[in-house]
Amino acid sequence: MTSDVSGPAPASSRAGAAAPAIVATGLSKAFGKKVALDGVSLTVPRGSVFALLGPNGSGKTTLVQVLSTLRLPSAGSAEVLGHDLRTAPAEVRAGIGVTGQFSAVDSMLTGLENLLLMAKLYHLARDEGEARARSLLKRFDLSEAWSRPPSTYSGGMRRRLDIAMTLMGDPALIFLDEPTTGLDPRSRQTMWQIVREFVAEGVTVFLTTQYLQEADELADQIALLDHGRVVAHGTPAELKQHAPGAHITLRFATSAGLHAAARSVPGSTPDADAFTLRCPMAADGGAVKRVLDRVPDGLPIEDITVHTPDLDDVFFALSGTTPQTRTEDTARTGDHR
Amino acid sequence: MTLATAAQDSSAMVGRELRHLRRYPLFLVASVALPVLMFVLFVYVFGDYVGAGLSGSGSTLSYVGFLTPGILVMTVAAGALPSAVSVSTDMSEGIIDRFRTMPLARGAVLIGHVVGGIFRTVLAAILLTLVALFVGFRPAGGPLAWLAAAGIILAFAFALTWLAVAIGLAAKTPTGANSMTQIISTVLPFLSSAFVPTESMAVGIRWFAEYQPFTPVVGSVRALLTDTPVGNSVVFALAWCAVIAVVGYAWGLRSFRTKTA
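Just so you know, the sequences run in chain order A and C. Numbering-wise, full-length UniProt numbering puts 194 at position 194 of the first sequence, and it's gapless, one number per residue. Numbering-wise, full-length UniProt numbering puts 200 at position 200 of the second sequence, and it's gapless, one number per residue.
No lab work stands behind these hints, which were simulated from the structure alone. Please note: incorrect hints may appear among the correct ones.
Derived lysine-lysine pairs resembling PhoX-like cross-links, with alpha carbons at most 25 Å apart [stated by the list, open to error]:
1) A:LYS33 with C:LYS172
2) A:LYS120 with A:LYS138
3) A:LYS34 with C:LYS172
Only some residues are given here: those of chain C computed to face chain A with a beta carbon under 8 Å [claimed, not checked]:
4) ALA12
5) ARG98
6) PRO103
Ranges between beta-carbon positions, derived for each pair [what the hints assert, rightly or not]:
7) A:GLY234 with C:LEU18: 44 to 54 Å
8) C:SER11 with A:GLN210: 38 to 48 Å
9) C:THR5 with A:SER107: 21 to 31 Å
10) A:VAL23 with C:GLN182: 42 to 52 Å
11) A:PRO185 with C:LYS172: 27 to 37 Å
12) A:SER74 with C:ILE126: 43 to 53 Å
Glycine included, each C-beta is placed from N, C-alpha and C at the ideal position.
The shape of chain A in the complex, shown without the other chains:
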């Protein structure tokens, strides 16, 4: 133990344990003329959750592929777990686990057989492999499904089996590429819980997502990726301060009530047809209460809706591009599958 008491000791004792999980410097990747990554630099400390936030076609998957040794960068360099991507890819692979956007399970084997295949490939002893497989099946709520092929699983189950397979190798750093895309709300909650457990175990998580809420819930640090560039990075709170979209919509029973409230809440805009009042809100915990306190006593509020900034708001604020032009880009490059 060191004298540093500011945080827990790293769980991993692998080579290069002192280095950050990821240090990328000026990573670029071009496919022909199309630039997918344009000088991405970022640092991910050990034991943290890093979220890469961006729309389809922004280069998220390409960055995961480069950092996980699937593709070589066109320019720039990166060290993952202290090992250079170009010169020591085997060492990088030994410490990472990757769960891609499309569940990489063998649909012709059963759930248990998939895990045992991983055990063999990670050179675990037979008993150890079986024990770990059984405990992962239990942990990911697949105990009932072990003898069935994944083709009979739901989307959430497949994703969980996929992550269980990744965990068979006991990785120090896990890449999760859009782990909740296409999942129902309940499976999404389960996935978030899984990520939080990784953190408790000291595993570093690098995840990509299209949802600000997800990054907000899980990440210590967020980087915003747009057209292959990091346009902003910081903690969730720091980023949301840049997003002006937050507001509260109040609905009143009468036109008189609406106008009375509009006069009392500064910066609000009434909609006389819908009897609603749009009130801008700061992005902090006490904001809703402050707006409501401004509404005169005795005015009955029929309905209240809170709009927190979403990805579009943040993007509009930080990159200046509108969601419409990005959608066209995505359609043109056909990057969404």
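Chain A is already provided as a structure; the job is to place chain C on it using the hints.
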């Protein structure tokens, strides 16, 4: 990366393929179905007529004796080439990307597919041989000649499996891989000496038939199983096997290194 870990990784991948085969035996049945159908059709429907033509051209072979080696080689193609579909399925399901981000011996995945494919092909060839024996095929020559014929069949299976793996890696979808390999395994045997001697073909087709790989492979296996002069067909057969294997290996390895799902 030591040789021991490379062997361990490859054997895990071979085990995976064999498990697939055991779980879905239909894969094997489907690959022998067409050759068996052709066999039955040509023996019992066209057999007398083609056989008469054959003896008219001075051959002493019965038509079953002539046809069996041809169908056997066709079965090898039908058994080996579906590996393209399994490789392409792996690619489209993203599991190859998983393997490529793991600390595995390079090429272990491909070795799994190749060994699994050869195993499936050998099973298919044995099945077809049993059908042929049932229909009345009796090999001439001795065990040494049969062993040599088995060796050529194994070499052809090896070569075609590597080609299939390469096609599977290059194909965009499993369906694409399937149609590409179907052409090889169904059309090429007909344009060879598998069903009728090349001498009976029209000039252009005959020229093609004489120089394509199926003809020397069929010819050498036929000569060995019927105790007729081998000539230089064995040399040409093995040369073709070597060329196909090297092309498949190089093409496959190149696609494997550069492609992701």
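Hint by hint, here is what the structure shows:
1. A:LYS33 with C:LYS172: holds, 21 Å
2. A:LYS120 with A:LYS138: Holds: A:LYS120 and A:LYS138 sit about 20 Å apart, inside 25 Å.
3. A:LYS34 with C:LYS172: holds, 20 Å
4. ALA12: holds, 4 Å
5. ARG98: With a minimum Cβ separation of about 4 Å from chain A (threshold 8 Å), the hint on C:ARG98 holds.
6. PRO103: holds, 4 Å
7. A:GLY234 with C:LEU18: 44 to 54 Å: Hint holds: Cβ distance 52 Å, inside 44 to 54 Å.
8. C:SER11 with A:GLN210: 38 to 48 Å: holds, 41 Å
9. C:THR5 with A:SER107: 21 to 31 Å: holds, 27 Å
10. A:VAL23 with C:GLN182: 42 to 52 Å: Holds - the Cβ-Cβ distance for A:VAL23 and C:GLN182, about 50 Å, lies within 42 to 52 Å.
11. A:PRO185 with C:LYS172: 27 to 37 Å: holds, 34 Å
12. A:SER74 with C:ILE126: 43 to 53 Å: For C:ILE126 against A:SER74, whose Cβ atoms are near 51 Å apart, the range 43 to 53 Å holds.
Consistency note: the structure conflicts with none of the earlier hints.
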